[in-house]
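Following the hints, position chain R against chain Y.
Read top to bottom, the protein sequences are chains Y and R. Residues in the first sequence are numbered from 1 upward in steps of one, following the working numbering. Residues in the second sequence are numbered from 1 upward in steps of one, following the working numbering.
Take these hints with a grain of salt, some might be off.
Repeated chains share a single entry, so a pair holds when one copy, or any two copies, can fit it.
What the hints assert, rightly or not - Using 20 Å as the maximum straight-line C-alpha spacing, the simulated SDA-like pairs for lysine to any residue come out as follows:
hint: 1; residue 1: 101; residue 2: 84
hint: 2; residue 1: 101; residue 2: 123
hint: 3; residue 1: 33; residue 2: 201
hint: 4; residue 1: 85; residue 2: 198
hint: 5; residue 1: 44; residue 2: 83
hint: 6; residue 1: 115; residue 2: 99
hint: 7; residue 1: 44; residue 2: 97
hint: 8; residue 1: 44; residue 2: 121
hint: 9; residue 1: 148; residue 2: 121
hint: 10; residue 1: 160; residue 2: 119
hint: 11; residue 1: 203; residue 2: 42
hint: 12; residue 1: 44; residue 2: 241
hint: 13; residue 1: 101; residue 2: 120
Everything labelled a hint here was simulated from the structure, so no lab data went into it. For clarity, every value in this text was computed on a predicted model and none was experimentally measured.
There are 2 protein chains.
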Amino acid sequence: MCELLGMSANVPTDICFSFKGLAKRGGDKGPHKDGWGIAFYEGKGCRTFKDPQPCSYSPIAKMLEDYPIKSELVIAHIRQANRGKIALENTHPFTRELWGKNWTFAHNGQLTGYKQLDTGRFDPIGQTDSEYAFCYILNQLQSRYPTKPRHWPSVFRFIKQCADKLNQFGVCNLLLSDGQFLFSYCSTHLYWITRKAPFGKAKLVDEDVEIDFQKHTTPNDVVTVITTRPLTSNEDWHKIKTGQAHLFKLGEKIF
Amino acid sequence: MCELLGMSANVPTDICFSFKGLAKRGGDKGPHKDGWGIAFYEGKGCRTFKDPQPCSYSPIAKMLEDYPIKSELVIAHIRQANRGKIALENTHPFTRELWGKNWTFAHNGQLTGYKQLDTGRFDPIGQTDSEYAFCYILNQLQSRYPTKPRHWPSVFRFIKQCADKLNQFGVCNLLLSDGQFLFSYCSTHLYWITRKAPFGKAKLVDEDVEIDFQKHTTPNDVVTVITTRPLTSNEDWHKIKTGQAHLFKLGEKIF
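Next up, chain Y with everything else stripped away, as it sits in the complex:
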């Protein structure tokens, strides 16, 4: 299995604190040594840093822990390979263009028998069940909406139906974004927390690091973090129920 991390915020926010906790699980405190990646949206653009090396020893991960890239939407993943060898093409998150937007996807779980699903014009590049599932969702979206849709929450409710379908093939915790919305679907385990004023202190589970969010925020900031396992030990994380999806925009829960 793998670990997922997502962030949705109403101001460009750096994810250094959460990523520091996640990175520890990549080959040091956890078995997820088979690569990692993190995608940052900035406006319509998206940049992804990936390494098939363990996250906890990666010079790229080290650079990111210290270089605060500010973004309103982030998706990160650290991998414990099951389907697909350890290789760059199998490293999440995956990004593809649809309707002139960058769509980004990361998956935790394992699927079986999924190749009966149609991916249409979206050909997988690597060998993972995850990229295949992403291509399936994109193909479903394009079939359902041949031209760019206007009402985005409806689009994500349709994506929820696609995730329900994928979930029939195994375990499918996932994060998906178009750069504005952060969609999360829970198959077995996924947690979220929204931080807003009054901000307090938080302490990482995986490393002896504490942060006082009040020193790094303004009273209007709203920041939601989603992860496969809570990253902090002194905050109340909400568990998403099996088969349930949540949609976030600018840090706020839409559904």
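What follows is chain R alone, placed relative to chain Y:
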């Protein structure tokens, strides 16, 4: 205008030396301060590091100068914005999937009146003429070859025709790759050099740095570098003629 850098090699090779020279042109020795990017192919995978900040001051560029990512195919670009604001979505190189492969594109020049060209299902995400031109080529490829072609040099000869068409709209020096082949098209200025045994020393134009390739290579290595302006002062670079294209694979010139 911008600067381009491409590399094709028969062994995974780091591009630190050439990138160090190019990076100096990004806001320090050159006016190309409006972002930069570099894509490394590793197997079927591709990872791109991008920053809308000047290359010569970017912590990501600094990390890459010291962290030797080894690849058989690299495309890099530093930007002096003309069409499209300074933003991540307008930062080259651009990567899209077609036929289950990552295609990567970078452009030097400026086009006018190009929006009459059809990009089909490949919608541009940013506002540059360059990404538009890339979408045009991909759409032409998919129209010409509805299913994955088999004879790749023919595909690249067809891409040469697309580049000829684009060149009618302005200046169009470009680099394009599917991860195996490196295609280059010269509108105004593009130079290449192939290094093989016996290897010698090379000295950067833009910085007081010299390298002895013999210490970093084996006798079988073949490495071709393509750039908009020669990067070294003591080697003979070939100038590509206007309207001419070259194709490289594993460091060797195919046409």
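First find the shortest C-alpha distance between residue 101 and residue 123 inside one copy, then the shortest across copies, and answer within, between, both or neither for a cut-off of 20 Å. both (18 Å within a copy, 8 Å between copies)
Evaluate residue 101 and residue 120 at a C-alpha cut-off of 20 Å and name the case that applies: within, between, both or neither. Result: close both inside a copy and across copies, 19 Å intra and 15 Å inter.
Regarding residue 44 and residue 97, is the shortest C-alpha distance of 20 Å or less found within a copy, between copies, in both, or in neither? both (11 Å within a copy, 18 Å between copies)
Treating 20 Å as the Cα threshold, decide for residue 148 and residue 121: within, between, both or neither. both (17 Å within a copy, 11 Å between copies)
Can you tell me if residue 44 and residue 121 fall within 20 Å by alpha carbon in one copy, between copies, both or neither? Classified as between; 18 Å across copies, 23 Å inside a copy.
I want to check one pair: residue 101 and residue 84. Are their C-alpha atoms no more than 20 Å apart within a copy, between two copies, both, or neither? Between copies, since 16 Å is at most 20 Å while 27 Å is not.
Pop the pair residue 33 and residue 201 into one bin, within, between, both or neither, using alpha-carbon distances up to 20 Å. For residue 33 and residue 201, the Cα distance exceeds 20 Å both inside one copy (29 Å) and across copies (39 Å).
When Cα atoms must be at most 20 Å apart, do residue 44 and residue 83 count as within-copy, between-copy, both, or neither? between (31 Å within a copy, 16 Å between copies)
If the cut is 20 Å between Cα atoms, do residue 115 and residue 99 qualify within a copy, between copies, both or neither? between (25 Å within a copy, 17 Å between copies)
When Cα atoms must be at most 20 Å apart, do residue 44 and residue 241 count as within-copy, between-copy, both, or neither? Cα proximity of residue 44 and residue 241: none, with 31 Å in one copy and 36 Å across.
Under a CA distance limit of 20 Å, which applies to residue 85 and residue 198: within one copy, between copies, both, or neither? Answer is neither: 45 Å inside a copy and 37 Å across each miss the 20 Å cutoff.
Could you place residue 160 and residue 119 in one of the four classes (within, between, both, neither) given a Cα distance threshold of 20 Å? Only inside one copy: residue 160 and residue 119 sit 17 Å apart there, 30 Å across copies, limit 20 Å.
Hint violations for this structure: numbers 3, 4, 11, 12, all remaining hints satisfied.
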